[in-house]
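Chemist: Okay, here's what each chain looks like letter by letter:
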Amino acid sequence: DGGITQSPKYLFRKEGQNVTLSCEQNLNHDAMYWYRQDPGQGLRLIYYSQIVNDFQKGDIAEGYSVSREKKESFPLTVTSAQKNPTAFYLCASSQGSGQPQHFGDGTRLSIL
Amino acid sequence: EDQVTQSPEALRLQEGESSSLNCSYTVSGLRGLFWYRQDPGKGPEFLFTLYSAGEEKEKERLKATLTKKESFLHITAPKPEDSATYLCAVRSNAGGTSYGKLTFGQGTILTVHP
Numbered sequence: 001d002g003g004i005t006q007s008p009k010y011l012f013r014k015e016g017q018n019v020t021l022s023c024e025q026n027l028n029h030d031a032m033y034w035y036r037q038d039p040g041q042g043l044r045l046i047y048y049s050q051i052v053n054d055f056q057k058g059d060i061a062e063g064y065s066v067s068r069e070k071k072e073s074f075p076l077t078v079t080s081a082q083k084n085p086t087a088f089y090l091c092a093s094s095q096g097s098g099q100p101q102h103f104g105d106g107t108r109l110s111i112l
Numbered sequence: 001e002d003q004v005t006q007s008p009e010a011l012r013l014q015e016g017e018s019s020s021l022n023c024s025y026t027v028s029g030l031r032g033l034f035w036y037r038q039d040p041g042k043g044p045e046f047l048f049t050l051y052s053a054g055e056e057k058e059k060e061r062l063k064a065t066l067t068k069k070e071s072f073l074h075i076t077a078p079k080p081e082d083s084a085t086y087l088c089a090v091r092s093n094a095g096g097t098s099y100g101k102l103t104f105g106q107g108t109i110l111t112v113h114p
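First to last, the protein sequences are chains U and A. If you read the first sequence in this note's numbering, its first letter stands for residue 1, the second for the next number, and so on. If you read the second sequence in this note's numbering, its first letter stands for residue 1, the second for the next number, and so on.
It is possible that some hints are incorrect.
[What the hints assert, rightly or not] From the structure, some residues in chain A lie toward chain U, with a derived Cβ separation under 10 angstroms: (1) TYR36; (2) PRO44; (3) PHE46; (4) PHE72; (5) ALA84; (6) LEU87; (7) CYS88; (8) GLY105.
[To be verified] With a cut-off of at most 20 angstroms between alpha-carbon atoms, the simulated SDA-like pairs for lysine to any residue come out as follows: (9) A:LYS63 / U:PRO100; (10) A:LYS59 / A:LYS101; (11) A:LYS42 / A:GLU58; (12) U:LYS83 / U:SER97; (13) U:LYS57 / A:LYS63; (14) A:LYS42 / U:PHE88; (15) U:LYS57 / A:SER92; (16) A:LYS101 / U:PHE88; (17) A:LYS101 / A:ASP2; (18) A:LYS101 / U:VAL52.
In short, the hints are calculated from the structure, not lab data. Just so it is clear, CB atoms sit at the ideal spot from N, CA and C, and this is done for glycine as well.
Could you build all of it, start to finish, from the sequences and the hints given here?
Modeler: The structure is reproduced here in structure tokens:
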């Protein structure tokens, strides 16, 4: 089945540690996105990529980094500079920037 | 700046009791309004895209409509399995025509009791 796979489902970060969230899609979509979801708030865009080897900052990129070396993969690193990383992180992809975005099942990140 | 407001924040219905969810938006040139369903601990599941005022889309017990200022998600004779958070998002001209950024509302939590 085609879809978006996020791993791990749960992740714990220690003080001063960088952690990387995985996102893989087999939908052959060009565009990929990372969102952060906090209770009672809408999804907020962290980074997006419209094509391999290119990505742009979203609304809340500080403390995060990404790479897009392959069409299928768009990993997100939460760095130690992100002071409030506890959230539900969602990866999405779309065929083009105007098409509906399809989401993975998320990674829940917590602080130890 | 694009803004999306959903109401009510939470809605409790009895099975079979029809109702509507509202999504009000302010954008600089609407290029699509999207409805999603999200179950607890899961990612949003795409339901509908609406592009222009007057457009309607239906899927099972759900019907989405669009005006120039708001969209409604009508739920007819809901069942307990329709319980979920329903999210509304808009795509606009902001950021350039090639940019697919969505601005999301905070969602409506729907609970349908048997």
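Chemist: So, for every hint listed, does it hold in this structure?
Modeler: Here is what the structure says about each hint:
1. Using the Cβ-Cβ criterion of 10 angstroms, the hint placing TYR36 (chain A) at the interface with chain U is satisfied: the shortest such distance is roughly 8 angstroms.
2. A distance limit of 10 angstroms between C-beta atoms decides the matter here; for PRO44 (chain A) the minimum to chain U is near 5 angstroms, and the interface restraint holds.
3. For the restraint placing PHE46 (chain A) at the interface with chain U, the shortest Cβ-Cβ distance is roughly 5 angstroms, inside the 10 angstroms limit, so the hint holds.
4. Proximity of PHE72 (chain A) to chain U is violated relative to the hint, the smallest CB-CB distance being about 18 angstroms (cut-off 10 angstroms).
5. With a least beta-carbon distance of about 14 angstroms to chain U, the hint placing ALA84 (chain A) at the interface is violated under the 10 angstroms criterion.
6. Interface restraint check: LEU87 (chain A) against chain U, minimum CB-CB distance 7 angstroms, threshold 10 angstroms, status holds.
7. A distance limit of 10 angstroms between C-beta atoms decides the matter here; for CYS88 (chain A) the minimum to chain U is near 9 angstroms, and the interface restraint holds.
8. Checking GLY105 (chain A) against chain U by beta carbon gives a least distance of about 5 angstroms; that is within 10 angstroms, so the hint holds.
9. Of the pairs offered as hints, the one joining LYS63 (chain A) and PRO100 (chain U) holds, with about 18 angstroms between alpha carbons and a cut-off of 20 angstroms not exceeded.
10. In summary, the hint linking LYS59 (chain A) to LYS101 (chain A) is not supported, as the alpha carbons are separated by about 25 angstroms, beyond the 20 angstroms threshold.
11. Of the pairs offered as hints, the one joining LYS42 (chain A) and GLU58 (chain A) is violated, with about 23 angstroms between alpha carbons and a cut-off of 20 angstroms exceeded.
12. Proximity of LYS83 (chain U) to SER97 (chain U) is assessed by CA-CA distance (about 30 angstroms); at most 20 angstroms being required, the pair is judged violated.
13. Taken as a hint, the LYS57 (chain U) and LYS63 (chain A) pair is broken in the structure, with Cα atoms around 35 angstroms apart against an allowance of 20 angstroms.
14. The hinted pair formed by LYS42 (chain A) and PHE88 (chain U) meets the criterion: a straight-line CA distance of about 10 angstroms does not exceed 20 angstroms.
15. Using a Cα cut-off of 20 angstroms, the hinted pair LYS57 (chain U) and SER92 (chain A) holds, with the two alpha carbons roughly 17 angstroms apart.
16. The straight-line distance between the Cα atoms of LYS101 (chain A) and PHE88 (chain U) is roughly 19 angstroms, inside the 20 angstroms bound, and the hint therefore holds.
17. As the CA atoms of LYS101 (chain A) and ASP2 (chain A) are separated by approximately 11 angstroms, the hinted pair is consistent with the 20 angstroms bound.
18. With a CA separation close to 18 angstroms, the supplied pair LYS101 (chain A) and VAL52 (chain U) stays within the 20 angstroms bound.
In terms of the numbered hints stated before, the structure departs from hints 4, 5, 10, 11, 12 and 13, listed from lowest to highest.
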